[in-house]
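Single-letter residue listing:
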Amino acid sequence: MKYWRKPLDEDRIEINCGIVHIIEERCKGCGFCVEFCPRDVFGMSTRTNARGYHPPEVLNPSACADCKLCALLCPDFAIYVESSRKTAEEKDLPHAKSG
Amino acid sequence: MPNPDEHMGLEQGLLIGEHFLLGDYAAAEGAIMAGCRFFAGYPITPATEVAERMSSRLPQVDGLYIQMEDELASMNAVLGASWAGVKSMTATSGPGFSLMMENLGLGIMLETPCVLINVQRGGPSTGLPTLVGQQDMMQARWGSHGDYEIIALSPTSPQELFDLTIRAFNLSEKFRTPVLVMTDAEVGHMTEKVIIPPPAEIDIINRPQVLKGDVEPDQFKIYRDANTSGDEGGVSPMTIAGEGYRFHVTGLTHDEQGYPAMNAEASEWNIKRLIKKIQAHRDEIIQIEERNLQDAEVVVVSYGISARTSLWPIEQARREGIRVGYLRLITVWPFAEEKIFSLAKTIKAFVVPEINSGQIVREVQRCAAGQARVIGVHRFGGDILEPGRVLNAIREAAGRPVNSQENSKTESRRTKSNARKQPAK
Amino acid sequence: MPENNLPNDVQLELSGHESDRAHGWETGLHPMDVLLRGERLPHIWCQGCGLGTALTTFIGALQWLEQNQEWDLDKVAVVSGIGCTGRVAGYVRLDSFHTTHGRALPFATGLKLANPKLKVVVISGDGDIAGIGGNHFIHAARRNLDITIICVNNFNYGMTGGQVGPTTPHGARAVTTQYGNFEYPFNLPYLAAAGGASFMARWTVLHARRLEWTLREAMLHPGFSFVEIIAPCSTSYARWNPEGQGLDPHKLRRRGLEVMKHYQQVGKIAHGTHPKDASIKVDDHGMITEIVEGIFIDEPKPEFQESINRQAQAAKKRWEATRKALEDRPQLPKSVDRVSRTEVQLGGFGGQGIMSAGRIIGQAATIYDHLEACFTQSYGPEARGGAAGSQVVIDSDPIHHPHLIEATSAIIMSQEAYAKYARQLAEGGMLLIDEGLVSFAEDHRQDINTYGIPATRLAEELGNVRAANSVMLGFWTAIVGVISKAAMRQSLTDSVPSKTIDVNMKAFEMGYERGLDIRSQV
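Chains as they are written, first to last, in our numbering: chain R, 2 to 100; chain A, 656 to 1080; chain L, 55 to 576.
Don't read these hints as lab results, they were simulated from the structure.
A few of these clues could be false.
The calculated PhoX-like cross-link candidates involving lysine-lysine, where the alpha carbons are at most 25 Å apart (straight line), are [stated by the list, open to error]:
#1 K129(L) - K867(A)
#2 K69(R) - K322(L)
#3 K867(A) - K171(L)
#4 K7(R) - K87(R)
#5 K335(L) - K315(L)
#6 K7(R) - K92(R)
#7 K876(A) - K129(L)
#8 K69(R) - K3(R)
#9 K931(A) - K876(A)
#10 K539(L) - K553(L)
#11 K553(L) - K378(L)
#12 K378(L) - K388(L)
#13 K378(L) - K539(L)
#14 K539(L) - K560(L)
#15 K69(R) - K315(L)
Given the structure is predicted, the values throughout are model-derived calculations rather than measurements.
Next up, chain R with everything else stripped away, as it sits in the complex (with noise of 0.2 Å):
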């Protein structure tokens, strides 16, 4: 969803948003946050850790709507969401047209 134009409060709603922390060794490349993740957080990274796997790389952080699907369906234990709130501001929602 995008805004018509920028809401005068943006500055002092708080909206949910997760910071996501990936324990990059744990991870086993299968793909199930970038994929269901409902907010395009993620996007695989081209590095790959010890075990010859592409962890995945948080892109858009501000995204984050602190779900913690990522989290729930990783079978490896390799991310998890700290609850945080950030202002609608410091979201950077997009709009419709941007400024």
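The hints should help you fit chains A and L onto chain R, whose structure is shown.
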């Protein structure tokens, strides 16, 4: 009237006093006296009466009887209950014994105290459900796969079935191992006097165990290595579910912590531990009954009902001047190797009566190591050994003449009686 | 026995790592690490395996229960069987038991019954629970024991390489059904329902959040709760079947991911679906076309711990009666001298109390006359309503030979028993017959003493035909004279139902008087 000790025992639901009791019932009473409060079983002749008695008596002493869907489930439920801290037991016969083998192995590997009673019957397969056999004796030792040690006791009477069931529980608790009571349809289904003393007169042993707060959970090792810990008897204290130790146990080869360790060193450590636990305490575990061994020229070695029915032929042989001794294996496994080995040096022969085609006789042969003859007296399941045959075997062992007409001694008397019948006038 | 020959300073590896520890697992990094055995991780499950996710939802549910329902996680016990799913027990930091294949359920049953305060959870795979463990599964459902079963269904036996199992869809390929499975799978919800499960739900691991919520409910549910978790088997099942052949955008052949995306297509959430409609649908090629998910059964039923408690009360009452009888038992003075081995044969047909009669003699001999006695019964097809036989050996000395060698007396109450046992009696022995039921053969032995009494008729006249054996016992006591009358009377009183003591004692006396008469005439 009961004395105060007896009275208190009766209050607790213990059947103190003198009773004319079925062997299977005596086993159940022994279990209850030993503190068994869980029985999971499946009906099978001739062990069903143990289950029936437990089903009526356990609720009377705040215990629980459950009839499981098969013997595999029974054995596992017994293990589960033991890991919840309750002394538990099952009872079966040949076909069920076979079914329980895999999980008997699990019990041994997990080092779980529990008792398994096998009221043996004629086999193989469905065999002779209602008639005696002693054909599972080797299976008792080797029936489960893999290397391990086992303790097996063999009673000759309902009184002894009571006593040895208590002993089985004590040994199982002390050594953290399943213990077998190998009885048979004769002893299980005969009714004789059983004296049940008050609990104050009975020694009951409980497992070495830690409960909540005894030890730091991080420091606790459920299979503590006796070599490093100096544990008495090589038996590591165990714990039970729910005490906060967050332990893990598995049937896989494991380490001290209980975690799987899939390599040869771990296997060696595991198996040596299981074997040593029992072998290092043979003196305590092995019980035998000896009569007239000092000057014996022939020794009858037997167990269970066959030992008992050998006593009369032995008496007769002694009257004939044969110096025959009697060695009864109360503990059949571990086997009394040293005793047989040392006796073999001084006697002419062993006679081994058993109701099978030759099982414990092989152990006697092995331990006699060629130093004395070993003569087995065997029959297949269905009836107890004919006294005449045992007597003849003793005579043969002693080098005396044998009277083959006496082999079926009981038959011959009847034949004489029949011959006396006269036709009606 | 050779000593353990590891040098003292060599520590046996404490962990069960099946793989190299090079990329070690540092514990304490993840909020769920507190419930994991870090020293045993990383786990052995493949990339894309759904088991890790299933475990995550389980731990999430436990942590929620701990925080919101005051669950003491020390009281949670996990029992598993053999297989990939079975390894869960080894990874959770709870009291856990990795048992034998298929037998987690009965083990859990024993654990729970012995300590009802434990929260027991069985976590095992489809082959373990529905294949080898199938019997235990339906019985556990039937019992409605308060345990939770989590069955991770990945449609094959994964640990051993991907063989067909009882839940493999029809037409699907597995290592042992390479031409397509010709069998039909279980509908596990239906099976559970047929067993009587009171709570049943199914979710795929994709629907992890709902799965976690359901696991909370399942563990809180009083009684048997069963949760089927559909999970990808990336290395085996997904390799053999179309679900794992999807388009991976990165072309990394991540079959687990492909299967998860497939769940997105075929998963259909429909709570309350009747279990009979809950089969997993497949097309002609064995590819799954629909997986219905949700909570299918949620009907609490009485759990049997309450029934157990009620039965204990009835049991205690019965014990009181037994105890009283024991405490009131009289001590009879010794009235019998040394007895040398005496054998008694009893025979009749089923229902005449031949067994009880023998037992009464034995009890009289041991408890009241302080002798030894051994009582045995004849078995075989004749034991059912046909001929019944029992034997008693009495002696002052220990009895070595428990069977009869030569009976010196016999109590015979049927023609068949007469035909069988009369010829076995010792020369000069005493044959006691029920006159109305036994007639002599032409070649009836002349070298034994025969005594008759119309026991059954007399008992009928007294008003209870079942007292016939008491008549015979009285008769025997007088004629054979080896056991004292007082002992026999007391033993009889102990053995018959209290309402019938009167008639049985009368019957006994009748037989006894007749016996005395006959004795005095001889």
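Results for each hint:
Note on K129(L) and K867(A): the hinted pairing holds, with a Cα-Cα distance of about 11 Å set against a maximum of 25 Å. Taken as a hint, the K69(R) and K322(L) pair is honoured in the structure, with Cα atoms around 23 Å apart against an allowance of 25 Å. Restraint check: the Cα-Cα separation between K867(A) and K171(L) comes to about 15 Å, which is no more than 25 Å; the hinted pair holds. Between K7(R) and K87(R) the CA atoms are separated by roughly 16 Å; this keeps the pair inside 25 Å, and the hint holds.
Taking the CA atoms of K335(L) and K315(L), the gap is near 17 Å; set against the 25 Å cutoff, the hint holds. Note on K7(R) and K92(R): the hinted pairing holds, with a Cα-Cα distance of about 12 Å set against a maximum of 25 Å. A hinted pair counts as satisfied when its Cα atoms are at most 25 Å apart, and K876(A) with K129(L) qualifies at roughly 19 Å. Proposed proximity of K69(R) and K3(R) is supported: the alpha carbons are some 23 Å apart, at most 25 Å.
A threshold of 25 Å between alpha carbons decides the hint, and for K931(A) with K876(A) the separation of about 18 Å falls inside it, so the pair holds. Annotation: proposed proximity of K539(L) to K553(L) holds, straight-line Cα distance about 21 Å (limit 25 Å). Using a Cα cut-off of 25 Å, the hinted pair K553(L) and K378(L) holds, with the two alpha carbons roughly 17 Å apart. Proposed proximity of K378(L) and K388(L) is supported: the alpha carbons are some 24 Å apart, at most 25 Å.
For the proposed pair K378(L) and K539(L), the alpha carbon gap of about 24 Å is at most 25 Å, so the pair holds. Proposed proximity of K539(L) and K560(L) is supported: the alpha carbons are some 13 Å apart, at most 25 Å. For a cut-off of 25 Å, the pair hint linking K69(R) to K315(L) stands: about 19 Å separates their Cα positions.
Every hint, counting from the list given before, is met by this structure.
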